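**Q** Listed below are the residues making up each chain.
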Amino acid sequence: MPRSRFFLKAGVFLICLTPLTLLLTAGVMGNLSANPIKDITEDTGVWTLRFLLLTLCVTPLRKLSGWNEVIRFRRMVGIFAFFYGFLHLMTYVWLDQFFSLPSILHDVVKRPFITAGTAGFLIMAPLAVTSTRKWIGRLGGKRWQLLHRLVYLSAAAGVAHYLWLVKADIQRPVTYGVLLSILLGYRLLSAMSARLASRKMHRGTILSYSRSYD
Amino acid sequence: MDRRRFVQSMTALLIQADSNEKPTPYKDVTTYNNFYEFGIDKDAPARNAKNFRTQPWLVSVEGLVKRPQSYALPDLIKGLTIEDRVYRMRCVEGWSMVVPWQGFQLSALINRLEPTPQAKYIEFETLYDPGQLPEQRRAILQWPYVEGLRMDEAMNPLAILAVGLYGKPALPNQNGAPIRLVTPWKYGFKGIKSIAKIRFVEKQPVTAWMKAAPNEYGFFANVNPAVDHPRWSQATERRIGEFFKRKTLPFNGYADQVASMYAGMDLKKNF
Chain A
674 MPRSRFFLKA GVFLICLTPL TLLLTAGVMG NLSANPIKDI TEDTGVWTLR
724 FLLLTLCVTP LRKLSGWNEV IRFRRMVGIF AFFYGFLHLM TYVWLDQFFS
774 LPSILHDVVK RPFITAGTAG FLIMAPLAVT STRKWIGRLG GKRWQLLHRL
824 VYLSAAAGVA HYLWLVKADI QRPVTYGVLL SILLGYRLLS AMSARLASRK
874 MHRGTILSYS RSYD
Chain B
624 MDRRRFVQSM TALLIQADSN EKPTPYKDVT TYNNFYEFGI DKDAPARNAK
674 NFRTQPWLVS VEGLVKRPQS YALPDLIKGL TIEDRVYRMR CVEGWSMVVP
724 WQGFQLSALI NRLEPTPQAK YIEFETLYDP GQLPEQRRAI LQWPYVEGLR
774 MDEAMNPLAI LAVGLYGKPA LPNQNGAPIR LVTPWKYGFK GIKSIAKIRF
824 VEKQPVTAWM KAAPNEYGFF ANVNPAVDHP RWSQATERRI GEFFKRKTLP
874 FNGYADQVAS MYAGMDLKKN F
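Protein sequence lines, in the order shown, are assigned to chains A and B. To convert a position in the first sequence, counted from 1, into the working numbering, add 673. To convert a position in the second sequence, counted from 1, into the working numbering, add 623.
Okay, chain A solo, but in the shape it has when bound (with noise of 0.2 Å):
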């Protein structure tokens, strides 16, 4: 690795690491709220939100803007993605219902919110672990790709988690939402301009040409 993207990279993990960073000190110095295990709770929770949607970015950015190197930081954001999900996960399971199995499995099956963010985190768990170079190779580019697919499923679930546990103000779990249907949106589009532009080359001269979305 060039010296300059060790840099870029060592920057990049540091800034996806500061909302943790902002959190553990304001609880240190005292600035969280009455409630601190609920404040832990949505700071993880958004975060994770916030990273998936990160990650959905990178495709986007790239065929939009040309910017080929973005590509390199879309595991690392998709691993944070994973890891503030797991620290969401366990504020829960420790701090809020100190491991009481009965009692989550409860929640699980009754809460429909619950059901929701538990299965968003599931999805995830998967492509944390064959998110390496290696794991592309074991399962082969396409296949990779398809099951890397499911952070779709991933977001939405997230979405759904949101919005079904506020009280009455939805708008930031709309918000959320409308920002996830534009970024799937766009593949969708992208995904089926290429099958036209497909069809098109296909009647004229024959070129070869790759489809690639993601």
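In short, the hints are calculated from the structure, not lab data. Incorrect hints may appear among the rest.
As the list claims (entries may be wrong) - For lysine-lysine, the following BS3-like pairs were computed, each having C-alpha atoms within a straight-line distance of at most 30 Å:
#, chain 1, residue 1, chain 2, residue 2
1, A, Lys-840, B, Lys-826
2, B, Lys-645, A, Lys-840
3, B, Lys-826, B, Lys-743
4, A, Lys-736, A, Lys-840
5, B, Lys-645, B, Lys-868
6, B, Lys-891, B, Lys-743
7, B, Lys-650, B, Lys-791
8, B, Lys-892, B, Lys-820
9, B, Lys-892, A, Lys-783
10, B, Lys-743, B, Lys-689
11, B, Lys-650, B, Lys-870
12, B, Lys-868, A, Lys-840
13, A, Lys-840, B, Lys-892
14, A, Lys-783, B, Lys-868
15, A, Lys-783, B, Lys-870
16, B, Lys-665, A, Lys-783
17, A, Lys-840, B, Lys-650
18, B, Lys-891, A, Lys-840
19, B, Lys-689, A, Lys-840
20, B, Lys-834, B, Lys-665
21, A, Lys-840, B, Lys-870
22, A, Lys-736, A, Lys-682
Said to hold, decoys possible - Pairwise CB distance ranges (calculated):
#, chain 1, residue 1, chain 2, residue 2, range
23, A, Pro-799, B, Asp-666, 32 to 42 Å
24, A, Leu-819, B, Lys-645, 51 to 61 Å
25, A, Leu-861, B, Lys-645, 50 to 60 Å
26, B, Lys-892, A, Met-763, 36 to 46 Å
27, B, Gln-741, A, Leu-795, 51 to 61 Å
28, B, Arg-670, A, Val-781, 28 to 38 Å
The structure presented is a predicted model; accordingly, all values stated were derived computationally and were not measured. Yeah, the Cβ is synthetic: ideal placement off N, Cα and C, and Gly gets one too.
Model the placement of chain B on the given structure of chain A, informed by the hints.
**A** Quick look at chain B alone, frame taken from chain A:
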């Protein structure tokens, strides 16, 4: 001391003894608030209500009452006995506090206002003034905030209108200044803040939360660990300042004083 005053102070003593619990720190009571008119985050009301004008304050008394009219707040409550009442407060979201209020029994005010025999319910409205209560410009709930009680609930000695907090004879703005309802056996959202209208009515009022989600928030909203919110459990609560959750008590621990009002009612239906 006359007999009435004596009975009143005895009642107060009994209530004090009953809630023999450590009050939640003043800072937490005044920085962790649900007062959506000033923002949906818990710390928003403390930040955004700083310049809220509570003087002069008019309370409009309307409906089935001897003299429907508008009162300046000091005139409305003149001569009513202000007491200290330490009450548990259980929020429908699953957390709770212990709050040392100052206020007077709602029953005393109702007796003074003399509602007509047709009045079966009392309805309250928060001030509607989007200039001062900025979130009223946004459709989070249908504004103004509306709450209500059945007349027997309103006359229950536990129901108070609070005008002070922590031994001081004034409410911080974020806690519902200058006058708010406190019904400790009900979920916190029944405790309507910054009351500008009191209306005596024959039919059960439709509250702001009933309009927002009728399947989730009922008129009675009595604290009940056996009846879950459709989306989360009400069996336990986190007392602010404590790590482990507590078991939530029926009627928030005030069953002795209030349960009889609901005898024979299906509390699963009348949630």
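**Q** Each hint should be assessed against the structure and marked as holding or not.
**A** To see whether the hints hold, each was checked on the structure:
1. A:Lys-840 to B:Lys-826: 27 Å, holds
2. B:Lys-645 to A:Lys-840: 29 Å, holds
3. B:Lys-826 to B:Lys-743: 7 Å, holds
4. A:Lys-736 to A:Lys-840: 38 Å, violated
5. B:Lys-645 to B:Lys-868: Holds, at roughly 16 Å.
6. B:Lys-891 to B:Lys-743: Between B:Lys-891 and B:Lys-743 the Cα gap is close to 22 Å, so the pair holds against 30 Å.
7. B:Lys-650 to B:Lys-791: Holds - the C-alpha atoms of B:Lys-791 and B:Lys-650 are around 14 Å apart, at most 30 Å.
8. B:Lys-892 to B:Lys-820: 29 Å, holds
9. B:Lys-892 to A:Lys-783: 20 Å, holds
10. B:Lys-743 to B:Lys-689: 14 Å, holds
11. B:Lys-650 to B:Lys-870: This hinted pair holds, its Cα atoms lying about 25 Å apart.
12. B:Lys-868 to A:Lys-840: 21 Å, holds
13. A:Lys-840 to B:Lys-892: 20 Å, holds
14. A:Lys-783 to B:Lys-868: Roughly 20 Å between the alpha carbons, so the hint for A:Lys-783 and B:Lys-868 holds.
15. A:Lys-783 to B:Lys-870: Judged against 30 Å, a Cα distance of about 19 Å means the pair holds.
16. B:Lys-665 to A:Lys-783: 27 Å, holds
17. A:Lys-840 to B:Lys-650: 25 Å, holds
18. B:Lys-891 to A:Lys-840: This hinted pair holds, its Cα atoms lying about 20 Å apart.
19. B:Lys-689 to A:Lys-840: 38 Å, violated
20. B:Lys-834 to B:Lys-665: 22 Å, holds
21. A:Lys-840 to B:Lys-870: Within the cut-off at roughly 22 Å; holds.
22. A:Lys-736 to A:Lys-682: Holds, at about 21 Å.
23. A:Pro-799 to B:Asp-666: 32 to 42 Å: This hint holds: roughly 38 Å between Cβ atoms.
24. A:Leu-819 to B:Lys-645: 51 to 61 Å: 57 Å, holds
25. A:Leu-861 to B:Lys-645: 50 to 60 Å: 57 Å, holds
26. B:Lys-892 to A:Met-763: 36 to 46 Å: 39 Å, holds
27. B:Gln-741 to A:Leu-795: 51 to 61 Å: With Cβ atoms ~58 Å apart, the hint holds.
28. B:Arg-670 to A:Val-781: 28 to 38 Å: 36 Å, holds
When the structure is compared with the earlier hints, violations turn up for hints 4, 19 and for no others.
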